[in-house]
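Peer 1: The whole structure should be built from the sequences, with the hints applied where relevant.
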Amino acid sequence: MPREADTSARDFLAARHRWRLVEALPWLIAIAAYFIFPDRMTFGAQVLIMVLFALSLDLVLGYAGILTLGHAAFFGLGAYTVGLLAARLGYGEPITGLLAGAAVAAVAAFLSGWVLLRYRGLTLLVLTFSTTILLQEVGNVFKEFTGGYDGIPGIVIWPLFGRFDYDLYGRTNYVYCLGVLVVLFYVVRRIVYSPFGEALTGIRENVARMHAIGSPVHWRLVIAYTISAALAGVSGALFTQTNAYATLGVFDFDRSAGVMIILILGGTGRLYGAFAGAVIYMILEDHLSKLSPEFWQFGVGFVLVLVVLFARRGLFGLLEDLSAVLARSRS
Amino acid sequence: MSPTVNTVISILFDGMAYAMFLFIVSVGLSVTMGLMGFVNLAHGAFAMAGGYVVVTATRSWGVPFLPSLVMAFVLVGVVSVAFERTLYARLYKASELDQVLLTIGLAFMAIAAYTWFYGPSPQSIQLPSYLTGQIEGGIRTFPAYRVFLIAVGAALIAVLWYVFERTNIGAKIRAAVDNRRMAQSIGIDVDRLFTITFGVGSGLAALGGGLAIQLVGINPSFALVYLVFFLLVVAVGGLGSLKGTLVAAIVLGVFDTGGKYLYAGAGGFFIYAVAMLILLVKPAGLYGRD
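Read top to bottom, the protein sequences are chains A and B.
Per the working numbering, the very first residue in the first sequence carries number 1; after that it's consecutive.
Per the working numbering, the very first residue in the second sequence carries number 1; after that it's consecutive.
Think of the hints as simulated: they come from the structure by calculation, not from any bench.
All values derive from a computational prediction rather than experimental measurement.
Hints may contain errors.
[Said to hold, decoys possible] The calculated label-pair distances, taken between Cβ atoms and stated as ranges, are: (1) L309(A) to V159(B): 31 to 39 Å; (2) I213(A) to A266(B): 44 to 52 Å; (3) S292(A) to L262(B): 39 to 47 Å; (4) P64(B) to L284(A): 38 to 46 Å; (5) R120(A) to N168(B): 31 to 39 Å; (6) L12(B) to I95(A): 50 to 58 Å; (7) L319(A) to P64(B): 55 to 63 Å; (8) W219(A) to A158(B): 32 to 40 Å; (9) F295(A) to L215(B): 45 to 53 Å; (10) Y193(A) to L12(B): 53 to 61 Å; (11) G37(B) to Y91(A): 45 to 53 Å.
[To be verified] Not everything, but these chain B residues come out facing chain A in the computed CB check (under 7 Å): (12) A112; (13) W116; (14) P120.
[Stated by the list, open to error] Derived contacts from chain A toward chain B, CB cut-off under 10 Å, selection only: (15) R118; (16) G121; (17) L124; (18) L127; (19) F253; (20) F295; (21) W296; (22) F298; (23) V305; (24) V308; (25) L318; (26) L319; (27) E320.
Cβ coordinates follow ideal geometry from the N, Cα and C atoms, glycine included.
Peer 2: Now the structure itself:
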């Protein structure tokens, strides 16, 4: 529908905010997957966790334009909060575990973001991945407590809501992760279409102008970073809960790079990019890395190069271009 | 000689050898980043490629060690120029994110390809006899290979300093790092300059990779594991600064070695902690311009 000249900015934003029918599609697919692949739900839960992690990155990278190579820090903090609570204190309640993971990641992001987000470019890149590796090293120094690279032994997660126990096929976990994702997706969607979300986009597009109109740029970036870290913390917490283990590998550079690749494949700054990217990436990884890990890694690199050169806006951007071409040829 | 003095000498000596490796690899990255602001995460892959050229040349083609280092420099330098012309040149004006993604993609492809052909395990080579064993250094003996590494580093520093400070092309590079648009407007072909420095820088990285085989070992994951250190050196030193890269390489090299000597359990901690502290105080690096 073309925008009328007298349509106010308010109506324009409201129209963007409105739920569209097509937005039900990923959720219908997620529900359908439960019935079509009932014995693959352990894998399904991992896909949903990656969707959430990529979604959290979308908020900072896609919307606020913060170039970070250290997002695994918050995933790892969430994972370790739940793991250490369960293994060291014997506290395995899942829902409050998620909240604890989110809180620890958020506090870390608030403190580190307050300092780091003043920097940009290479300096920010180096500082973010250094923070992550530093956490990994600290975890390794206290390996009696954290279990180091061998992982935390003896994580027991209590049944969900005290009644739903975990089955061999991961069905409970899948439903659990899907529920968490639905709630948090709603939150993220509200955030990005709020005035705060518009301000983030403004900072990404033209930071000088945002400064000029008096927008509290640094403060907004810190808040976005903190919220995003809380989401990443939840995804890390879910990772530990569904796998009942966590090693220092959760802080690996590969994980920070991997989630960025997932988001890029799907498309940044469009919420559903995280879904498409994570599903495609994880399914391809699952199949191809069984054939040959080198083949898989080479493929990821190759696709990344192609995406940067030819499909910069990701899979959804490609689809939009395609539909635009089709529409033009039809008229 | 007391054990304390001995440890201090060991840390300084090994730290210097490590610093020379870091410097040789990082200097090209620093200059190219300073020139174009291009975030090149495939730089570690070029260094790794150099290491594998040396491995193949010495083991399969019977080339002696020193000429194989020169081969690595030339071969990787030439190949990197091909990459620069076909891929990197398209993204000079693109966002940092695009540059990061392209070069991570290239690094992944390199890691996969080298794992495919050479396997995941670390490679070793037969060093010539004059580089093995110890050298008598007055108060104690020093490993010959590290002495050699420090000597190569020192020689390169001298050459690079001369090129940077005393030749026409060095002056052009410094001018372009300072202010690219101004340099272009007075007729310096910055794109060409960039291609040349990119080739030489990647060649030096390859040389560093070849030297790394007997120092830190070389396997496909080298491309990303050590990339982190190269980026630290470049960021701490300041983009495009020869002096900065050298000082940063020495500071980080000595701290890292010292940390690993004195607190074996917390080995990797120090290099990151020191780098972060420096960057928090001086975001543009020690000798960088804001």
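Peer 1: Could you run down the list of hints and mark each one as holding or not?
Peer 2: Going through the hints against the structure:
no., hint, in the structure
1, L309(A) to V159(B): 31 to 39 Å, "36 Å, holds"
2, I213(A) to A266(B): 44 to 52 Å, "47 Å, holds"
3, S292(A) to L262(B): 39 to 47 Å, "42 Å, holds"
4, P64(B) to L284(A): 38 to 46 Å, "45 Å, holds"
5, R120(A) to N168(B): 31 to 39 Å, "33 Å, holds"
6, L12(B) to I95(A): 50 to 58 Å, "54 Å, holds"
7, L319(A) to P64(B): 55 to 63 Å, "56 Å, holds"
8, W219(A) to A158(B): 32 to 40 Å, "49 Å, violated"
9, F295(A) to L215(B): 45 to 53 Å, "31 Å, violated"
10, Y193(A) to L12(B): 53 to 61 Å, "58 Å, holds"
11, G37(B) to Y91(A): 45 to 53 Å, "49 Å, holds"
12, A112, "4 Å, holds"
13, W116, "4 Å, holds"
14, P120, "9 Å, violated"
15, R118, "7 Å, holds"
16, G121, "6 Å, holds"
17, L124, "9 Å, holds"
18, L127, "6 Å, holds"
19, F253, "6 Å, holds"
20, F295, "7 Å, holds"
21, W296, "8 Å, holds"
22, F298, "4 Å, holds"
23, V305, "4 Å, holds"
24, V308, "4 Å, holds"
25, L318, "15 Å, violated"
26, L319, "20 Å, violated"
27, E320, "19 Å, violated"
Hints 8, 9, 14, 25, 26 and 27, counting from the list given before, are not met by this structure.
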